[in-house]
Amino acid sequence: AQRVTQPEKLLSVFKGAPVELKCNYSYSGSPELFWYVQYSRQRLQLLLRHISRESIKGFTADLNKGETSFHLKKPFAQEEDSAMYYCALSGVGGYNKLIFGAGTRLAVHP
Amino acid sequence: GAVVSQHPSWVICKSGTSVKIECRSLDFQATTMFWYRQFPKQSLMLMATSNEGSKATYEQGVEKDKFLINHASLTLSTLTVTSAHPEDSSFYICSATLNEGTQYFGPGTRLLVL
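Those protein sequences? They're chains F and P, same order as listed.
Position 54 of the first sequence, counted from 1, bears residue number 54 in the working numbering, the numbering being contiguous throughout.
Position 60 of the second sequence, counted from 1, bears residue number 60 in the working numbering, the numbering being contiguous throughout.
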C-alpha cells in the first residue's frame with residue numbers, strides 16, 4: 001500500500017541548530033516526493049520537490065530509494081521556519097494524486 | 001502566479017442544509033482540481049479528484065452523493081456538502097494542478113454545521 005510516514009509530530013529546536021524532519025514512504029513504483037509547508041494561518045505551499053533538486057529557504061531533501069526516505073534538512077534553523085511540514089508522495093494512480101504524511105510541527109525557539 | 005482561491009473562507013449552517021464551496025484558479029487553467037478534508041491537528045485527506053467536463057473520482061469511503069463535485073470549467077470547481085450534519089464540520093481545502101503536476105492549494109474553507 002502507498003503510505004507516507006512522518007514519525008515525529010513535533011520537533012523542537014533552538015535557533016541556529018540543525019534540523020532534520022523525517023519522511024519515509026512506501027510505494028512500489030517510481031515515486032515523486034514533495035515537501036509542503038504551512039505557516040500559521042496560511043495556506044499550504046510547496047517547499048520543494050525531489051526532481052528539482054533545489055534548495056529553498058536553506059532546506060534540502062534527498063530521495064534515498066534504498067531507505068525509501070526523503071528527509072528534510074536545514075543546517076541552521078531560524079525562528080521563521082516554525083511551521084507545519086508535510087511530506088507528500090505523488091505518482092499514485094492517475095492525475096498526480098498526492099498522499100500526505102501526518103505532518104511534523106517544527107518549533108524553533110530563540 | 002499559480003494562485004488558487006476559495007469562497008467562502010468560512011461558513012456556518014444549520015443541520016440538514018446544503019453548502020457550496022467554490023475553488024478557482026485565478027491565473028492559470030487547471031487540468032485537475034482536488035478536494036481535501038483536514039480535521040484539527042491532522043493531515044489532509046484526499047476526498048476526490050476533479051477533471052473539467054468529467055465526473056469526479058472519489059476516494060474510498062467518501063460518499064459521492066453527500067459531497068457533490070462539479071467542475072464546470074478549467075478555472076472553477078465546486079464542492080457541495082448536501083444535507084450537512086455536525087460531523088461534516090471540518091476544514092475543506094482545494095488544490096489545482098498545472099500540467100507538470102505541482103499542486104497549488106487554496107486557503108481553505110472552514111465549515112461549521114450546527
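Treat the hints loosely; a few may be bogus.
Stated by the list, open to error - Stretch by stretch, here's where chain F covers chain P in the computed footprint (C-beta under 8 Å, at least three residues): (1) 37-49; (2) 103-114.
Said to hold, decoys possible - Counterexamples of contact, computed for chain P against chain F with all Cβ distances above 10 Å: (3) D27; (4) G53; (5) T80; (6) E87; (7) S89.
FYI, nobody ran anything at the bench for these hints, they're computed from the structure.
Fair warning: this is a prediction, and the values are worked out from it, not measured in the lab.
Note that CB positions come from ideal geometry on N, CA and C, so glycine has one too.
Against the structure, the hints:
no., hint, verdict
1, 37-49, "holds (count 6)"
2, 103-114, "holds (count 6)"
3, D27, "holds (15 Å)"
4, G53, "holds (14 Å)"
5, T80, "holds (21 Å)"
6, E87, "holds (21 Å)"
7, S89, "holds (19 Å)"
Going through the hint list in order, the structure satisfies each hint without exception.
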